[in-house]
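Knowing the structure of chain A, use the given hints to seat chain B on it.
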Amino acid sequence: MFTSKKFTGVKAMCAAAIGVAALVTGAPSPSFAQQANEQFVSVLSFRVGPYGPAGVGIFGGFIDYMNYVNVKEGGVGGVKLSWEECETEYAAARGVECYERLKTKSPTKGTMIHPVSTPITYALLDKTLADKVPIVQTGYGRTDTVDGRYFPWAFPLITTYPMQATAIVKFLSQKEKGDLRGKKIAYLYLDSAYGKEPITYLQAEAKVNGFELTTIPITPPGTEQGAQWQQIRQSQADYVIFWGFGVMNASAMRAAQKVGFARDKIIGSWWAGSEEDTVPAGDAAKGYMSAAMNVSGKTPLIADIEKTLYGANPTGNMQDKSKIGGINYNRGVVIGLITVEAIRVAQAKYGKKVMDGEQIRWALEHLDLSDARLKALNATGLMPTMKTSCADHEGSGKIKVQQWDGTKWALVSDWIEGNRQLVRPLLEQSAIDYGKSKGITPRDCAKES
Amino acid sequence: MLYREAGQFKTSYAADQQLLPIRQDRIAFFTLLAVVFVIVPLFVSDYWFSALLIPILIFSLAAIGLNILTGYAGQLSLGSAAFMAVGAFSAYNIVLRMPWLPQIVSFLLAGVCAALVGIAFGLPSVRIKGFYLAVATLAAQFFVVWALQKFPWFTNNSSSGVISAQGVTFFGFPIDSPVRNYVFVLCIVTVLALCAKNMARSNTGRQWMAVRDMDVAAEVIGIPLMRTKLQAFAISSFYCGVAGALYAYCYIGTVEPEAFSLDMSFRVLFMIIVGGMGTIMGAFIGATFFTVLPIFLSILIPGIASLFNFNFDKASLTYIEFMIFGALIIFFLIVEPHGLARLWQIGKEKLRIWPFPH
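Sequences listed follow chains A and B, in order.
29 is the number of the first residue of the first sequence in this note's numbering; add one for each residue after it.
3 is the number of the first residue of the second sequence in this note's numbering; add one for each residue after it.
Mixed in with the good hints there might be a few duds.
Stated by the list, open to error - Each computed SDA-like pair below joins lysine to any residue, with the alpha-carbon atoms no more than 25 Å apart:
| id | chain 1 | residue 1 | chain 2 | residue 2 |
| --- | --- | --- | --- | --- |
| 1 | B | K152 | A | E240 |
| 2 | A | K466 | B | F272 |
| 3 | A | K235 | B | P154 |
It should be emphasised that the hints constitute simulated quantities derived from the structure, not laboratory data.
Just chain A, with the same shape it has in the complex (with noise of 0.2 Å):
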């Protein structure tokens, strides 16, 4: 009796163990065969976790803006762009398995990469530059890919975070009327890669600006910030200026409120500066500021977008229309508009079809988003100008800071830039040494074309 109800669990333990083998051995395969023909992209996305409401918008409008480009000009060229989507919930060791399963499914090894997650950029990097696919990492990721001459294939466009804060600090000189001396600007950030970044271009501020830095670590996922926010308030901070990401920056709206900072005192990078982080919020996000790449709102683009893809035949991507025209969204059309224009700029060089890696890398160091080519493509405002080189894979630098009053955001700035003159020796020196400890010699740009 008990060895006959053991074994009839084993008998189906081994039928299922079998059922399993067979699926997993056919399971991942190179299906080449019906994306003879189109521009295939990987899409490495997240929409499950802490972070995950940014990633539906975001991805989202990714996908809705290839989408769109393939209904309203028949893909790029002629050639039609498709994709594929896998899940990498924000860790770098399923970020690494969804994009080497991506990477066998057409000889285009994915287009271009966009992980939208520091940590899962720094993990590719290498496994990039290794299989000659370009990673795009659009105002996030590592700071010294800017210096092309020794990440050949890695770009940080639009800005990075140094970039950012430096913008930041400009904005809050501009409002202090051009002088911040004496006065005490608390940094607090996520403690991850993403957060640390800026610490130290922000110091070299404090130094040239004659502020008082202190800074303030949160450990993700960073739900609970009273004690933080406690201490921002003893050391009578004029500003904070707020580096979280996901579901801590409504946390930390609330936890101002708590303790009664005055909101309008804080600028949050735009990883903090979406309606998924104020709406949560209520009305303490009233007056919050944020840094932003992208401006929100059904501008004619967003607009265009969801009359093709949301009118008598939905095929777009978003289950929740209320969230198009909102940053993530908006942020999501950017990332695929570089995508496509990288892919346009290729086909000008190399003629009209499927494009690989290596073309796209050139296109990626010659794009030149100007005013004109903006209004070309509908998209005036929605995005800074933006021109890439060799030596230089971020192409603009330039940030507007917006703020929330209650119901959406509202513009409060123009086009600001970083402080080019402070960051960029810094992160020469970063990327120097980081071509000694691998032996890289820089390539050089003046002979490249």
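Relative to the frame of chain A, chain B by itself:
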């Protein structure tokens, strides 16, 4: 019928005490070794190495470490990821500051550093047991991650706190492709797993199991409790440390404290619970289960959804995968509370007398 054991006589004590006494087992095992060392590197794609095989091997090593501590010695520990972090950062600092040492020696020294930290955090085990000890090891988890972030010396004063691991070389031979990483990790894991299996079968292992089963009785018959427990902590942390160094160097390529979070400690613990506590085989099975199954579900569930035209959005599909994964863990533990390794053991017993049922 498969196991023809008639005629297999042992004529020496050594033959009787060997790891694989049955000839068919020896043949099967050496065939398996030939497959994983020779056939797999030649025929398998890069995806399998980077995404499946290397993490399975690394987590098997960490799970063996935790199995020694929790399965054999009975000391519940929630700090395995902390010891992995110590191993990873020690390896980084040793390779950075003493580049003349062969890297394999650096990894082993990193394991030794992790062992020293393990002894320090294992000291409470002399006085407390069970869940209370789990809390003390939880303190190790938080303290180590905090210390690695607080003192910039560990990250070589990097501004972001994330450092790129230096390339791996084996006595001048660069280990840079997925295949080479796989073979390198496989060699280390095979040797260490063999050592662990032998330790578990030896006097050391018997002392651990005595402490686990009834430590008062163990003390009465003369087993030194403090020494045995700290030895278990040291050896377990050594294994976790080497696993952490391999995780940083051969798998992810970056070393950062956030990667070795409490979540990873729990994962390693669940691997040995589902795989089978107190067995070396259980570590491998548990690591395979936890690595392969989520990926398999993320391929299978969207496939089924599109086959039956279920219109779930991507986030819902991921949540469904989580639910099914959790349900499978519960199912396997109900069917066999001693873990999948016990199922394997029962299967082998049945195979030995097959086709007879008893």
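Tested hints:
Restraint check: the Cα-Cα separation between B:K152 and A:E240 comes to about 21 Å, which is no more than 25 Å; the hinted pair holds. Pair hint A:K466 plus B:F272 does not hold up; C-alpha atoms about 37 Å apart against a cutoff of 25 Å. Note on A:K235 and B:P154: the hinted pairing holds, with a Cα-Cα distance of about 21 Å set against a maximum of 25 Å.
Hint 2 from the list above is the single one not met by this structure.
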